Amino acid sequence: MFAAVAVALFVTFALALIRAISGPTVFDRVLSLNVIGTKTILLIAVLGFATDRYDFIDIALVYAVLNLIGTIAVLRYLVGDKERS
Amino acid sequence: MTTADLMLTAILLPLAAALLIALAGRSPNLREAVTLAAAAGLAFTVWQLIAGFDAGTAPTIALAQILPGFTLMLRAEPIGLVFAGVAAGLWGLNSLYSIGYMRAEHAPRQTRFYACFALALSAAMAIAMAGNLATLFVAYEALTLVTYPLVVHWQTEGAIAGARRYLAYLLATSLVPFLGAILWTWSAAGTLDFTAGGILDGKLGDGALTVLLLLFAYGVGKAALMPLHGWLPAAMVAPTPVSALLHAVAVVKAGVFTLLKIAVYIFGIDVIGRGVGDVLIVIAAASVIAASVIAMTRDDLKARLAYSTVAQLAMVTLAVAIGSPLAIAAGILQLVMHAFGKITLFFGAGAIQVATHKKKLSEIAGIGAKLPLLMASFLVGALSVAGLPPLGGMWPKFLLLEAASARDLYLLIGCLGLSTLLTLGYLAPIFITAVFGKPGAEDPHALPHDDHGHGSGHLPLLALIPPVVTALGCLVLFVAAPAILRFVAPAIGLGVLP
Amino acid sequence: MSDLVGLFPYWAVIVLMMTGLYIVIAQGNLVKKLIGLGIFQVSVFVLYIAIGVVDGATPPILSPGFNSYSNPLPSVLILTAIVVGVATLAVGLALAVRIRESFGTIEEEDLLPLTMPELPPDGEARS
Amino acid sequence: MIAQNAAVLVVVLPLLSAPLVALIRNPAIAGAAALVIAALDAVLATLLLCQTLDGTVISYHLGNWAPPIGIEYRIDLLAAAMACLLSYAATLVALFLPVSLQGAVSPGDRPRLFAAFLLCLAGLVGIVVTGDIFNVFVFLEISSLSTYVLIAMGAGTDRRALTAAFDYLILGATGATFFVIGIAFLYVVTGTLNMADLGERMATAPKRAILVGSSFIFVGVALKAAMLPLHRWMPNAYAYAPAAIGTFLAMTATKVAIYMLIRMSDFVFDTPGEIGRVNFAALLPPIGLAMLLAGSVIAVTTKDLRRLLAYSSIANLGLMLVALGLGGVAGIAAALVNLFNHAIIKGGMFATTAAVLHRRGSTRMEALAGLSKDMPVAFGLLVLGGLALIGVPLTAGFVSKLVVIKLAFDQANWLVVGGVLLTSLITVAYIWRIVEAGMLAVPEKPRPRRDLHPAFILPAGLLGAATLGLGIWSEPMLTLASRIAAQMIGTAP
Amino acid sequence: MTQRLLLGAAFYFLWMGLSGHFSPFLLVTSILSVVGVILLLTRLGLVSRDYQPFSLVVALVIYWRWLLVEIVKANIDVIRCVLGLGKPPSPAMGWVHASQKTDLCKTLYANSITLTPGTITVLAEGDQFLIHALHREGLASLQDGEMDRRCTVLDENFRGKVA
Amino acid sequence: MTLPDIFDLARLVVGDVLIGIGGLAALVGALGLVRLPDFYTRAHASGVTDTAGAIGILVGLAVLSPDILTAVKLLIVLIVALFASPASCHALARAAFRSGLRPSLHEDRPPPAVPGE
Ligand code: NA
Ligand code: NA
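Chains as they are written, first to last, in the working numbering: chain A, 864 to 948; chain B, 134 to 631; chain C, 126 to 252; chain D, 1096 to 1588; chain E, -14 to 148; chain F, -14 to 102.
Bear in mind the hints are in silico, worked out from the structure with no lab data behind them. Since the model is a prediction, treat every value here as computed from it, not as a measurement. The C-beta atom is built at its ideal place from N, Cα and C for all residues, glycine as well. Take the hints with a grain of salt, since some may be wrong.
As the list claims (entries may be wrong) - Partial list, computed: chain A residues near chain C (C-beta under 8 Å): (1) THR888; (2) ARG916; (3) ASP918.
To be verified - Derived EDC-like pairs (lysine to aspartate or glutamate); straight-line CA-CA distance at most 20 Å: (4) LYS1468(D) <-> GLU290(B); (5) LYS1398(D) <-> GLU233(C); (6) LYS72(E) <-> ASP23(F); (7) LYS336(B) <-> ASP1505(D); (8) LYS58(E) <-> GLU141(E); (9) LYS1501(D) <-> GLU290(B).
Claimed, not checked - Pulled from the structure, derived: some chain A residues nowhere near chain C, Cβ distances all over 10 Å: (10) ALA866; (11) ALA867; (12) ALA869; (13) VAL870; (14) PHE873; (15) VAL874; (16) LEU880; (17) ILE881; (18) ILE884; (19) PRO887; (20) VAL889; (21) VAL893; (22) GLY900; (23) VAL928; (24) GLY933; (25) VAL937.
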């Protein structure tokens, strides 16, 4: 099952990548990359279970937190940019 | 004092004088007293050295080692002492003249002027007493740098451009061909020490030696060998005492002296004489004739004298290139005689400028009436430079002819004869115009030139005495020449005196 | 084929490296340059991690039931490199912000005329 | 105790005190603290030099882990001498750093600047004393990061400092990344990061990987060394950084890059007698000559004294590379003589320039008018340094050039002989621009005679004296350089 | 202070949950780091009921349970739409009134809207949210106000406790 | 089969089903990302992967966890992910809208620019 889910996630990546490449707007690309980012968290967790390395969850957690911080940073950047101009 | 002490004194005395002059800058009288005292002291020191010189015990002093094998050391030897004697002897006279000239011209920056002058003498002494090429090179560079403020003295646009040219020629030639030749010598011979008989024989082939000699001849830019003579006329923007320094006391003299030393102690006279110097003979002879011809075309007195220097000192190079003891002896004598003759001429030209504000041949018609004594001195100097008896200038020309004929260089003999005619051709008009010319004959279109002083027909005594003294010197040297020859004879292997 | 799969991380490294360098060189926007720099640095992280991998071994975190671990040293090294990379990025972004504040742009072509060495020192230029 | 641990203290002292200095609120106290720490570091470095002078190699195992597993601080004569250069430079600069920041950096920013300064010193010293190549990278980044910050602090007087710092950051980070990629390759084939080990294991390692690895390292170091055509960051960095910082960088930053080339000569280029290595030495003379020429030519056309000096530094780095490329003990020794002498000469000139900037608020050529009148000492020091750069005898610069030319002569490398001699002429041209600007140009308005601020006198004067002293009494420097080189190559001194 | 203690406790349990090691050394250092973080948060002015609404925990849990169900339902809708099984997309956009008074609960409402697939809060201007919906019905059901009402209850709850 | 065995089996089944659903949801969401017509509709699809995908997989894994700590961590991951998702989604949508990107709407009626219209 883990393998199947991992494959599903990889297919998800591929599809998101297609969207990231084809665009057409920059927002589509960011959206796709965001999806890839959040799915990476899931992939790490699944791979950890698949290889019996449950400590991978910690990595997934760190990744999730970084993702959150990154999101907040982007959010602030977008807000700040508007307010400046 | 031992010879070693005397050598150090000769270098340090002007150095200390420069420092004192800088400190005494606020009081012109004190400053100039220091200059004169130092000049007298230096002349005395060098005289002591000459009088006490003994080839057997001539000591060397090691000063510093810059690289292993590239050491700074001093050594007294006859040719150097002759050069030192000329420079030291003329410094005092030149200083006296400077005082008269600079005060009359109300020149600015006189402290810098006297200090740099003293520094130049210190460097000249170091060149004279250099014990090896390394030391000579170091002092040679120092001389270039300390004379730069002198050349740029007026700091007008013209002065800046001229000084730039002066520096460019001298540094460029010394930093590339000269340093290159020194390093080549070092690489080939393993030493840079001035050694009797030279150090290069057998170390390099004759072809390489010819190239090396040319590198030296052009590397020593101070020797003003054509076509690298351009700095000398350019440096004419300097005050006249500086021109005297450049032409007669230290700078060009240092150049040809360097060539003499290199010929005698690095190559060896015989080595050059066996054909290594032949290319240089042609270049030097061409330089003599070409510079003389150019001198004839110059209206500006100092420019005329400058080209005269190029021609006259190319004869020293010629002597070096001929490469026989007799020729070298002629070169040494030419170094001395030209110094006295040319300084007389410069003093004269400067005095004319101070007294009448005239700088050009076309302007000086008839001024001789006001300056009889000066013009008499000028005539003596001119005849000596041309090489006519009974003046000192005769000897080197005569010896050079002998040397040329000893090597069967008949074309060269012709050249030398022509050169004497040309010399008269460019010097005589000055005297003739000044003394016999009619004042009205001067060019009505001559533009008023910028003056730096306010002199009017009056010639300060201090500007008159020195040329008279040096003119007398030319007479005395006619008699004293054999003594000089005897002094240097052992060093250059000159056997039977003529 | 197995070679291709086995070398996959290295291909990724090369692609990332070239991409990053290309962005650093070709992009005129300072922030984009920094992003390119980040990608370039990430390629090195991947390279180091790939170096440390031992076939059939587990990541170098001690855990009961495993004896074969990948080489931990590259990972440890790259931890330092990541910190350095983040610090560089932070300084770079801070500089970009300051540049935007003083020049009003972070586009290289707009900055170029404002930063010519011939210009008189600041202030006079801003008028 | 201190003597034994000097090897590590020399890095740790500035590294750990930097954050503390940043916390000091009073800029004057922070500046004094930075000076004291730099001076203490200089004492430690001197201790190391004394210990290594007889050929001893100090090996300090960090955390008592033996190499090659643990990190080794390995201090031979080269490392000790470099540490001395770096810490002395820092001490001299710290003497006038606070004064030169007046009006340039706001008092609130100064403590942080001092901290970055110490951090930079720590990074540079770290590069020098560590025996672990990855550690070199880490220290390189520490020094680089603080350098970016330091350069950016020049924005108080010229906003172009920001773009200068940014450009340097991009290039520096790219260079460092290249360096670390190179390390990866070497590590893969040798399994070690210890540079001594690396040298030994290199002989049996696959040649192709070594080639790739050392190429990356070479490019990385080349960026740091401002090697043509990767030199572009340097003039701006030196010209727009706070003047005192420019002085420090001129004395240290690129010198450390040259140090890295020398240190890595075992695996970055061929050492004599060893076959099969990658021969980067052959690249150095052409690159060096190009730098010599390009740096000098551009220096002639620049309108700002600091820029001029920066381009001149490129030329001088070229000379060091040329020397290094000539190879062998003599080549390394010649490069080292150039490295130390140039640090002293350029340091003196930059320090004097900082003093001029402090009085005049500008280092543009036209701002130098009347310098010989109202700042005669400063002018004299500038001329002295300039003469040394030309290579006038009795200055350290002459010795530097002479060793290179003599070596090239002995190897009959006429290209180098001609190139080095000819570029002296271009040097004359740009140095004479300074002389004419300071001595002959007429100032717009006469200024009262106010020479160097006292804070500059000791550092600028000392460096000037050394410029002269090492030109006359060059033996200590030559001996040191040849001993270091002999130790590097492994022949008896 | 209570706020800080509660926050500290929360951090401490988070630490322990993540660490999984209970040696005395780690337990003590964890206290130190928790204290450090709280000090930093205090200095940043981030310790307040607005940021850590402990009083709402119970109410939030109830709300989240309801929200989870909504999310599942919404997901099914969107998945059917993507797979072409349900009604085709009929994108709509419109303003929705948010009746909460506090920023906290307005954020909660806006985020809840976005979190349920099929609706996104595009703009939040005062008490009006601009919503994009995949289906007209999604927008309509938001405008009906079930979610708004539940959030308002939480809001009143929160305000009551604060006051 | 003892009770714990049955419990374990149930755990296995529930967990596998949950992560299966999560995987499928992620897949479908990504499919939507490709298939749906404009940015705003695609954002809904990304919401699917962010919620259903994450909930399914992480809760499923939590059910399958060998120990309670791992499960707790997974739930923390889930909470963090669920906090991040709407924030980023909203930020993107707002940035898109403000920069002038308009959704293509079913009814040919432009979205009201002012609230309450
Ligand atoms: Na990075
Ligand atoms: Na949504």
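Taking the hints in turn, this is what the structure says about them:
1. A distance limit of 8 Å between C-beta atoms decides the matter here; for THR888(A) the minimum to chain C is near 18 Å, and the interface restraint is violated.
2. With a least beta-carbon distance of about 6 Å to chain C, the hint placing ARG916(A) at the interface is held under the 8 Å criterion.
3. Hint status for ASP918(A): holds, given a least beta-carbon distance of 5 Å to chain C, under 8 Å.
4. Of the supplied pair hints, the one linking LYS1468(D) and GLU290(B) holds, its CA atoms being roughly 19 Å apart against a limit of 20 Å.
5. This hinted pair does not check out: LYS1398(D) and GLU233(C) have alpha carbons roughly 23 Å apart, beyond 20 Å.
6. Proximity of LYS72(E) to ASP23(F) is assessed by CA-CA distance (about 17 Å); at most 20 Å being required, the pair is judged to hold.
7. Under the criterion of a C-alpha separation no larger than 20 Å, the hint pairing LYS336(B) with ASP1505(D) is consistent with the structure, at around 14 Å.
8. As the CA atoms of LYS58(E) and GLU141(E) are separated by approximately 27 Å, the hinted pair breaks the 20 Å bound.
9. Taking the CA atoms of LYS1501(D) and GLU290(B), the gap is near 39 Å; set against the 20 Å cutoff, the hint is violated.
10. Under the 10 Å C-beta cut-off, the non-interface status given to ALA866(A) relative to chain C holds; the minimum distance is some 16 Å.
11. Once the 10 Å rule is applied to beta carbons, ALA867(A) is consistent with being away from chain C; the minimum gap is 20 Å.
12. Every C-beta of chain C lies more than 10 Å from that of ALA869(A), the closest at about 16 Å, which supports listing it as non-interface.
13. For VAL870(A), the requirement that its beta carbon stay farther than 10 Å from each beta carbon of chain C is met, with the minimum near 15 Å.
14. Separation of PHE873(A) from chain C is adequate, the least Cβ-Cβ distance of about 13 Å exceeding the 10 Å criterion.
15. Non-interface status of VAL874(A) relative to chain C is upheld: no Cβ of that chain comes within 10 Å, the nearest being about 18 Å off.
16. Against the 10 Å criterion, LEU880(A) stays outside the reach of chain C, whose nearest CB is about 13 Å from its own CB.
17. Its beta-carbon lying about 17 Å from the closest one in chain C, ILE881(A) satisfies the requirement of being farther than 10 Å from that chain.
18. Every C-beta of chain C lies more than 10 Å from that of ILE884(A), the closest at about 13 Å, which supports listing it as non-interface.
19. For PRO887(A), the condition that its CB be more than 10 Å from all CB atoms of chain C holds, with the nearest at approximately 20 Å.
20. Every beta carbon of chain C lies more than 10 Å from that of VAL889(A), the smallest distance being close to 12 Å; the non-interface claim holds.
21. Remark: the non-interface label on VAL893(A) is consistent with the geometry, its nearest Cβ contact in chain C lying 13 Å away (cut-off 10 Å).
22. The non-interface label for GLY900(A) is consistent with chain C: the shortest C-beta to C-beta separation is roughly 14 Å, beyond 10 Å.
23. Once the 10 Å rule is applied to beta carbons, VAL928(A) is consistent with being away from chain C; the minimum gap is 15 Å.
24. In this structure GLY933(A) is separated from chain C by more than 10 Å, as the shortest Cβ-Cβ distance comes to about 12 Å.
25. A cut-off of 10 Å between C-beta atoms confirms that VAL937(A) is not in contact with chain C; the least separation is 12 Å.
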